[in-house]
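Peer 1: These are the residues of each chain, in order.
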Amino acid sequence: MRARQRWLFATILAATALVAAGCSGTSPDDEGGGDGGGELSWAIGGSEAAPGGVHREVAEMWNEENPDNPISIERLPDDAGEQRQQQSLELNAQESGFDVLGMDVIWTGEYAVNGWLESLEDVRGEIEEVTIPGAFLSATWEGELWAAPYNSNAGFLYYRTDLVDEAPTTWDEVVQVGMEVAEQENIAPFVGQGAQYEGMVVNFLEYYWGAGGEMFNEDASEVLWDNEIALEAVEFMAEANESGFYASGFNTFLEEESRNEFQSGKAVFMRNWPYVYGLASDKAESEIAGDFDIAPLPTFTGEGTISALGGFNNAVSAFSDNPEAAKEFVVWASTNEEVQMLLGESSLPPTMSSVYENLQDDPVMKLLGEVLPDAKPRPPAPTWNDISVTIQQEIFPAYNGEKDPQEAVEAVGAFLEESIQ
Amino acid sequence: MATNDGVVVQTSPLRKVGRYALLAFILLWCLFPFMWLIDTSLKLGDAALNSPSLSQGPFGLDNYRSVFDQGFGYNLRNSAIVAGTTTIVCITIGSLAAYALARLPLKGKVLILSAILAVALFPSVALVPPLYELWLNLGLLNTYPGLYIPYTAFTLPLTIFILTTFYASIPKDLEEQARVDGATAFQAFYKIVLPLAAPGVFAAAIIVFVYAWNEFLLSSTFAPRDLAAQTVPVAIAAFTGSVEFQRPIGTVTAACVIVTIPMIIGTLILQRRITAGLTAGAVKG
Amino acid sequence: MSATTVAERAPTVGGKKSLSDSALARFFLSPSVLVMALVAAFPIFYAIILSLYVYQGRLREGFGGLENYTEALSSSRFWDAVQATFIFTVSSVSAEFLIGLGFALIMRQVFIGRGITRASILVPWVIPTVIAAQLWYFMFSVTPGFVNYALGLDRFNWLGQPGWAMFSIVFADVWKTAPFVALLLLAGLQTIPDEMYESARVDGATTWQRFWYITMPLLKPAILVALLFRTIDALRVFDLPQVMTGGSFNTESLSILVQRYVVQTPNPGLGSALSTLTFIIVLIIGVLFVRALGRDFVLNVEDE
Chain A
1 MRARQRWLFA
11 TILAATALVA
21 AGCSGTSPDD
31 EGGGDGGGEL
41 SWAIGGSEAA
51 PGGVHREVAE
61 MWNEENPDNP
71 ISIERLPDDA
81 GEQRQQQSLE
91 LNAQESGFDV
101 LGMDVIWTGE
111 YAVNGWLESL
121 EDVRGEIEEV
131 TIPGAFLSAT
141 WEGELWAAPY
151 NSNAGFLYYR
161 TDLVDEAPTT
171 WDEVVQVGME
181 VAEQENIAPF
191 VGQGAQYEGM
201 VVNFLEYYWG
211 AGGEMFNEDA
221 SEVLWDNEIA
231 LEAVEFMAEA
241 NESGFYASGF
251 NTFLEEESRN
261 EFQSGKAVFM
271 RNWPYVYGLA
281 SDKAESEIAG
291 DFDIAPLPTF
301 TGEGTISALG
311 GFNNAVSAFS
321 DNPEAAKEFV
331 VWASTNEEVQ
341 MLLGESSLPP
351 TMSSVYENLQ
361 DDPVMKLLGE
371 VLPDAKPRPP
381 APTWNDISVT
391 IQQEIFPAYN
401 GEKDPQEAVE
411 AVGAFLEESI
421 Q
Chain B
422 MATNDGVVVQ
432 TSPLRKVGRY
442 ALLAFILLWC
452 LFPFMWLIDT
462 SLKLGDAALN
472 SPSLSQGPFG
482 LDNYRSVFDQ
492 GFGYNLRNSA
502 IVAGTTTIVC
512 ITIGSLAAYA
522 LARLPLKGKV
532 LILSAILAVA
542 LFPSVALVPP
552 LYELWLNLGL
562 LNTYPGLYIP
572 YTAFTLPLTI
582 FILTTFYASI
592 PKDLEEQARV
602 DGATAFQAFY
612 KIVLPLAAPG
622 VFAAAIIVFV
632 YAWNEFLLSS
642 TFAPRDLAAQ
652 TVPVAIAAFT
662 GSVEFQRPIG
672 TVTAACVIVT
682 IPMIIGTLIL
692 QRRITAGLTA
702 GAVKG
Chain C
707 MSATTVAERA
717 PTVGGKKSLS
727 DSALARFFLS
737 PSVLVMALVA
747 AFPIFYAIIL
757 SLYVYQGRLR
767 EGFGGLENYT
777 EALSSSRFWD
787 AVQATFIFTV
797 SSVSAEFLIG
807 LGFALIMRQV
817 FIGRGITRAS
827 ILVPWVIPTV
837 IAAQLWYFMF
847 SVTPGFVNYA
857 LGLDRFNWLG
867 QPGWAMFSIV
877 FADVWKTAPF
887 VALLLLAGLQ
897 TIPDEMYESA
907 RVDGATTWQR
917 FWYITMPLLK
927 PAILVALLFR
937 TIDALRVFDL
947 PQVMTGGSFN
957 TESLSILVQR
967 YVVQTPNPGL
977 GSALSTLTFI
987 IVLIIGVLFV
997 RALGRDFVLN
1007 VEDE
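Going down the list, the sequences are from chains A, B and C. Counted from 1, the first sequence has number 350 at position 350 by our numbering; the numbering is strictly sequential. Quick note: to get our numbering, add 421 to the position in the second sequence (first position is 1). Quick note: to get our numbering, add 706 to the position in the third sequence (first position is 1).
Just chain A, with the same shape it has in the complex:
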C-alpha cells in the first residue's frame, strides 16, 4: 500500500541518517591524537598560528631537531578571551590534551594560582639572562617563574608626517598640536582604543603610568595606587572626550577601528600596537602610506616613555603527559636566537634583547628596541582579570561623563586593596 511504502521510506531515511551521523566525520588532521608517546601539543591562537604563520615555522624548526618529540599546533581562536576560555575548559578538567600553552602575558598569575602550570624555576637563569626585563617579569608570579617569554608587544604613537613635523613628547603637546591640525584639516585629532574592554585599560594605564603612577610594588604585596595621579589620568581622558580630542566614536574603538580611521587619513595621531605599521605602509591599501611615522608614547612629564607591555609567553601544562619535552620546547623558543630572529622578521616583537641589535634596519623593531626596556607589564596577578574588569566598569563610565571620576578612582583603589587580601 502507498501508506506503508511511505512509512517504510521515512523510517529507512531516518535510520540511515542516524546511523551515518552516529560517529563523527573524518578530518584532514586525523593523524591520530597528540597523546601518544612523545608528541607535544601547542595550544596557541591568532593569525600566526594559522597555516603559513610564524608559529608553524617555529614548530617545524623544532620538529627537525627533535624528531622524537614532535610538536603540533592546536589552533585556538583569534580572540584572546576565547583562547583563555578554551584553555580554561581543558585545564579545569585536568585534561592532558595541551602540553604547551600560549598564554597572553596577563594570565600568568591566574593560571599559576589555579595550579595549571609547571614551575620553570629550575631553568630561570637561562631565560632571565637573555630576556627583556618587562617580558620576564610578566612570566613570573610571586617571584617564581611560570612561563617562558615568547613574543612581546608595546604601544606606539603614530603620527602624520605630512601634518606634523616632530613627534610630541608630552600628552599636552599632543593635544595642542592635534587639535590645531585637526581643525585645519577637518579630521580627528586622536584615535586609540576606548571601548569598554582590556584595550581601554591598556590605554588608561599608559596615561596613569605616564603620570608617575604605579599599581603594585615589586612582589605585589602592597598596593601603590595613587588616587590623585589616577584622577589626573581620568580627567585627561574625560576632557579629551568632551573637547573632541578623542575622535567621535573613540569609546567604541578597538585596535582595528582606530587603525581604520588613521589609515584612511581621518586622524592626526594614533595610539596602537606595532602591527599597524606594515598594513599602513601598503600603498595599495592605505591612504597614508609614506605619510606617517612611529614614535615612543609621550608621558605627562615629558621625560622618558612608558608603554604597556603585551605579548605571549609559553608555559607547560601541569597535566601534560610529557612535561620534560614540553619544558625543553618552551625554553628553546625563548632562548634560541634563530627562533627569536624568525619572530622578529615576521613582525612579532621578540623577547630576546640581543636580537634587536640585528634588526635595526626595520623601523618597527628599531623603535621597539628603544621602547621595550621601559615597557611595563600589567601586573600578572591572578586577579588581573577582575582588576581589569573593575577598571573597565569604573573608568569607562567616568571618562564618558557617566560617573564621578573621584568615585571611580577610589573604587578601583579599594578593589586593588581587596584583591591582595
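Keep in mind the hints are simulated off the structure, nothing from the lab. One thing to keep in mind: the hints can contain errors.
Said to hold, decoys possible - Taking lysine-lysine and the DSS-like style, the derived pairs with C-alpha atoms no more than 30 Å apart in a straight line are:
id, chain 1, residue 1, chain 2, residue 2
1, B, 612, C, 926
2, B, 593, B, 530
3, C, 926, B, 528
Put chains B and C on the given structure of chain A with help from the hints.
Peer 2: Chains B and C in isolation, oriented as in the chain A frame:
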C-alpha cells in the same frame, strides 16, 4: 472561484501600486544587508573596512578561495549533518509528543506544557560547564551526537508547541470519521492530521534546522577546533586575518554568503511544499 | 484497509476513550521528555545546587545558602541588567510583531514572484546571529560608518551613546527576527479558510472589519506562540549586545551579566545564582503566556 489562498480577484490600480511598493520595501529590508555582505566579500584586502561606499574596489574572488583553503568544506559537511539529524530527530519525537498533547487524554496538560517550556529557558551559558564535563566523561566531545542531542533537547519545546497548536486546530470530526471507518489512532494521525498540519510541520522543521545551523555557544564548546565536527559558525568565528588583531571581514562575509545561498535555495523549494500541502488536503467542509 | 495495524483495540466514536490511548500518550511523550531531562534538566539542577555555594573566583569556600542571591539582588548592576533586558524585550518584540504581521499579510496574497519574496524574507533570519551582529556592528559603527554614510550624518556615534546604543541593537534584532515572526503568523494565516473572507465580503464587511473580526481571532493561537517565543528569546539576548556594544551604555543584558560571571571572571556560585534568577524571571513571564495560551488549548482540545 477561490484561488489557492488569494484574497481578491479584482484590484484597483492604486492598491496594486501600493502593494508592490510595500513589497519592494520588504525586499529591500531583507536583502539589502545581504547585498552588502556579497559586496564586501568580493572586496579585496582592507577595502571593505576603509570605506563605506559599495562601489569601492578592488574586487575579486580571493576571499572565497581562502575560505575553502581553511577547510570550510568540512565545516559545511558537519553543519549539514548535524542540522539535518537534529531536524529529523526533533520533528519525529516532537510530533509524537505534540499529538499526545493535542489529541490524547492526559492529566495536567498545561503543567506539562509549562515544564517543557521551562526547560528551554535557562541561560545556556550557565549550562555549559556541567554539560562540558558530562560530555567529556561520555566521550561525546567533537562528535555529531555530542551536538545533535543537545540541539534536539533545546529545540523540542518550540517544536512541540508549534506542532501542538497545529494539531489542535484541526477539526476533530475528520479523525472521528476515520476512526469510525476502522483506522487506528496512528493511522488517523498519519493519514489525516499530518497532511493538514503540513504547514506547521514544515515551519517547525525550518525553525529547527536554522537553529541547529546557526547555533554557536554549544558547538564552540563541544567541538571547538576539530574539523571532524566543527560547525560553520564556530569556523567563521575562528577565521583570522593575516596579521594579529586584523579582523578578516572579507573571509567572514564570503563564508557567510557561501552558507546562506543554499539556505535560500532550500527555502524556495520548501515554500512550495508548504502551499502544496495545503491543496492536498482541503480543510473545506 | 491495511492488514498491518498494530493496535488491536476497537476504535471508539467519541465520548469515553479507552485506556490504551492514555498509555499511548505517555509513550509518545517519553522520548521527548527523556532527551530534555538528560540534556537540559540535569545541568539546570547542577547549576542551581552550585549557586548555593560561595566561591572566591574558582575556589569553593563553602556552603552559602542564599548568600549569592542576596548579593546579586542587592547589586545595582543586576537591576541595571534587568532594566536593559526589559527595555530591549518590549521594544524589539512589539516592533517585530507589528512588522512581522505586516509581512505575513502581504506574503499571503497572490502576486508575481511570491516564492522569491517568501524566500527573501527568510534571509535575515537564516544568517547566523553572530554574523548578523557583526554586520550591523559594521553598519552602525562610526568607522567605516555605513549608516552614517547612507543617512548623510557626519560621524554620529550610534554605538557609543546611551539610548542610541540600545536603539541600534533593537534595530538589528528586529531586522533579523521580524521574518521569523512573519513565518509563524503566515502558517497560521494559511489555515484560515477563504470562505470566511468571501462570505464576509459578500455581507459587506470592509477590509479592516475582515481583518479585525476574522483574521485576528483565528490567528490568536499563532500570535501567542510567536509572542511567547520571541519574548523568551529576547529576554535572553546575548549575541547582539555582546558583539555590537560589549554591554556598554546600558545595554548589558541579563545573559551578558551571567556570561561575565560564568566565563569572564568565573565565580561558579554567583554565576549560577544569576542564571537561576534570570531563569526565574523568564519562567514567570513564560508561565503568564502559557496561561493565556493554555486556555485556548484546553478549549480546543476538550471541546465536546
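Peer 1: None of the hints should be skipped; say for each whether it holds.
Peer 2: Hint by hint, here is what the structure shows:
no.: 1; hint: B:612 to C:926; verdict: 27 Å, holds
no.: 2; hint: B:593 to B:530; verdict: 18 Å, holds
no.: 3; hint: C:926 to B:528; verdict: 24 Å, holds
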